[in-house]
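Colleague: If you're matching them up, the sequences are chains A and B in order. Following my numbering, the numbering of the first sequence begins with 1 at its first residue and continues without gaps. Following my numbering, the numbering of the second sequence begins with 1 at its first residue and continues without gaps.
Think of the hints as simulated: they come from the structure by calculation, not from any bench. Among the clues, some could well be false.
[Claimed, not checked] DSS-like mimics (lysine-lysine), calculated; alpha carbons at most 27 Å apart, straight line: (1) B:169 x B:258; (2) A:345 x A:258; (3) A:169 x A:95; (4) B:170 x B:95; (5) B:169 x A:170; (6) B:170 x A:169; (7) A:170 x B:170; (8) B:345 x B:258; (9) A:169 x B:258; (10) B:169 x B:95; (11) A:258 x A:169; (12) B:95 x B:58; (13) A:345 x B:170; (14) B:169 x A:258; (15) B:169 x A:345; (16) A:170 x B:345; (17) B:345 x A:169; (18) B:170 x A:258; (19) B:258 x A:170; (20) B:345 x A:345; (21) A:258 x B:258.
Number of protein chains: 2
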Amino acid sequence: MNTNTVPSAPEPQSLFLRACLGLDVAQTPVWLMRQAGRYLPEYREVRRQAGDFLSLCKNPELAAKVTLQPIERFGLDAAILFSDILVVPEAMGMKLQFLEGEGPHFPEPLTRQADLDRLTLPDPEVQLGYVMAAIREIRRILPSGVPLIGFSGSPWTLATYMIEGGSSKKFTLIKTALYNDPGFLEGLLERLVTAVVHYLNAQIDHGVQAVQIFDTWGGILGPDEYRRFSLEPMARIIAGLNRNRPDGSRIPVILFSKGCGGYLETIASSGCDVVGLDWTTPLGQARARLGPNIALQGNLDPAILYANPQRIRSEVRRVLESLGRQNGHIFNLGHGMEPNIDPLKVPQLISAVREESRRIRTP
Amino acid sequence: MNTNTVPSAPEPQSLFLRACLGLDVAQTPVWLMRQAGRYLPEYREVRRQAGDFLSLCKNPELAAKVTLQPIERFGLDAAILFSDILVVPEAMGMKLQFLEGEGPHFPEPLTRQADLDRLTLPDPEVQLGYVMAAIREIRRILPSGVPLIGFSGSPWTLATYMIEGGSSKKFTLIKTALYNDPGFLEGLLERLVTAVVHYLNAQIDHGVQAVQIFDTWGGILGPDEYRRFSLEPMARIIAGLNRNRPDGSRIPVILFSKGCGGYLETIASSGCDVVGLDWTTPLGQARARLGPNIALQGNLDPAILYANPQRIRSEVRRVLESLGRQNGHIFNLGHGMEPNIDPLKVPQLISAVREESRRIRTP
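Bound-form chain A, shown alone (with noise of 0.2 Å):
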């Protein structure tokens, strides 16, 4: 057998990575970012358990029973590994604490090259080895027709915490770094790629199905820093990636940079397979500029789950008939949940989804 040859493995079934692909699906797929999180009592009663967030992070069997909650609860069309950005840069050995009601910290911000030159390129199966032991214990316990989503930070997202030691209202000294310490920011950008390449590759090879790379604060920059700064380092742990499985199977990527409606056209550049939208850009809109071979994923406000059911079906319609009939969709918010939503929230939308994007679909 030519080695060449890649194997070619059947379409998947799962309506989730049918999506990511372009394929012809009966109904859109829907999962929500933060879908395993605060705002059920499930889940805070484990976290309860686990005593604070980041052990909840480190413990792979509650991680993966977290994971399953909502797939459970809500019968969602994928599930994501529950973690947290930040046990990259943790296991780049800076310290890492989450205070209650205060959110990440980093005590010791990097603020020199010598900080980088202290910084260590982790074994995934080492230092990450709990992320690795939750996935696999994750796709043990997920019913197999449902997919497992793994994912990190962008390096730029990654870069803001490391440098501003926490989250920020305005980033003075990552920007400042920028304008007039561009080589300490690229190097540390550099050290965030191979890291996150290594980091994604070992989920890949443990289990998940699909990655998304979380931009969250790509939108803070202008056109030409955000290509150089945030694109530019996804682009390169795209390429690095093993996207392509022994059995022939393709793992997609999925793009989510918030807030750059502006740069859609530089971010489907990235060779991702999906590029995932907040609430500001109509997905026709995004399907007019980027063309039909790249899927969408998003895109409805996540405060819509604070209206009643008629509201969010009649936002969900919205959302799905920008679109009309064609493929490449996965329903998601274009944001993650709020602790405060009430979960009964959830089935009305993921109900109204299925049978609206249904309806739609029948001529």
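Using the hints provided, position chain B relative to the given structure of chain A.
Modeller: Then chain B, alone, in the frame of chain A:
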């Protein structure tokens, strides 16, 4: 004399007013959002004298003094009234506090129709008489060649503070109102439109020569919601302004919706003379989309003021070269000055704008 005939005023001489109207200029005019503010030691001194921020806003002599400070120090091409957008809700009857280091706070935010019925329509000459007195004092002491810009918050942006009770990250309350109780929200916006029309017309009567509407939070809305809840009220305000003065001069209106690069065509349909841009939409792209009959203001990332003089100049050049020799551009930041900017950066910026724009315009 036919009373319908508007006397034909001579063209304005100031670079700023000429650029607002698309007239030719020898160099690009420049002013900076929040140019009178905490980054200036002489401002901090006056603020100490006044006691607190709101007392400073309400003291016409001191408000005039800080309005002039950046003009005297830097020779900017326009002055902007020192005040705060939230004086309008306060004048409508809401208690307003500025908590040191925490920003504005309405201890009794609006939650229901009955709250709206308690709001009053302020007489700008009475409840906001201190603003009018400040405008008169500023015009008295401001060099006659420097135009004075008045301003207001947009109804949508004011409503976010009035409903959330202060600054917000997630805008849960106003979005819940938007999706579940749009009648309540529209009732509030309607009252704000009327109040702002009266307020800005009074500012014009007392001597401002241009007005800017600050729509800081339009960018959290999807396109349909932006049009209905942010743009539409602003368009009604613009239609209600007395822009043609008895002497034949025209009061230009600048509309700045931050984070709304995707909605520029909608913004331009408001009737404004100038569209303010943040740094995510290149000026050349905005001009290509909107045509030459509407002026543009912006759009340097304020974080560039953390950089060294060479970098500031090269970034200024990049902004200017995006439009080349085209008219109708007022140089500004894409957002307000930060309190920790070194004041010495401002003359570097201004010199760069003037020298580089003259160079670009030289055949």
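Colleague: Give a verdict on every hint.
Modeller: So, going through the hints one by one against the coordinates:
1. B:169 x B:258: Satisfied, since the Cα-Cα distance of roughly 15 Å is no more than 27 Å.
2. A:345 x A:258: 24 Å, holds
3. A:169 x A:95: 22 Å, holds
4. B:170 x B:95: Within the cut-off at roughly 23 Å; holds.
5. B:169 x A:170: 13 Å, holds
6. B:170 x A:169: 13 Å, holds
7. A:170 x B:170: OK: residue 170 of chain A and residue 170 of chain B at ~16 Å, within 27 Å.
8. B:345 x B:258: 24 Å, holds
9. A:169 x B:258: 15 Å, holds
10. B:169 x B:95: Holds: residue 169 of chain B and residue 95 of chain B sit about 22 Å apart, inside 27 Å.
11. A:258 x A:169: 15 Å, holds
12. B:95 x B:58: 15 Å, holds
13. A:345 x B:170: Roughly 18 Å separates the two Cα atoms, so the pair holds.
14. B:169 x A:258: 15 Å, holds
15. B:169 x A:345: Holds, because 22 Å separates the two Cα atoms, which is no more than 27 Å.
16. A:170 x B:345: 18 Å, holds
17. B:345 x A:169: Measuring from Cα to Cα gives roughly 22 Å; hence the hint holds.
18. B:170 x A:258: 15 Å, holds
19. B:258 x A:170: 15 Å, holds
20. B:345 x A:345: 51 Å, violated
21. A:258 x B:258: Measuring from Cα to Cα gives roughly 15 Å; hence the hint holds.
Of the numbered hints listed earlier, the single one contradicted by the structure is hint 20.
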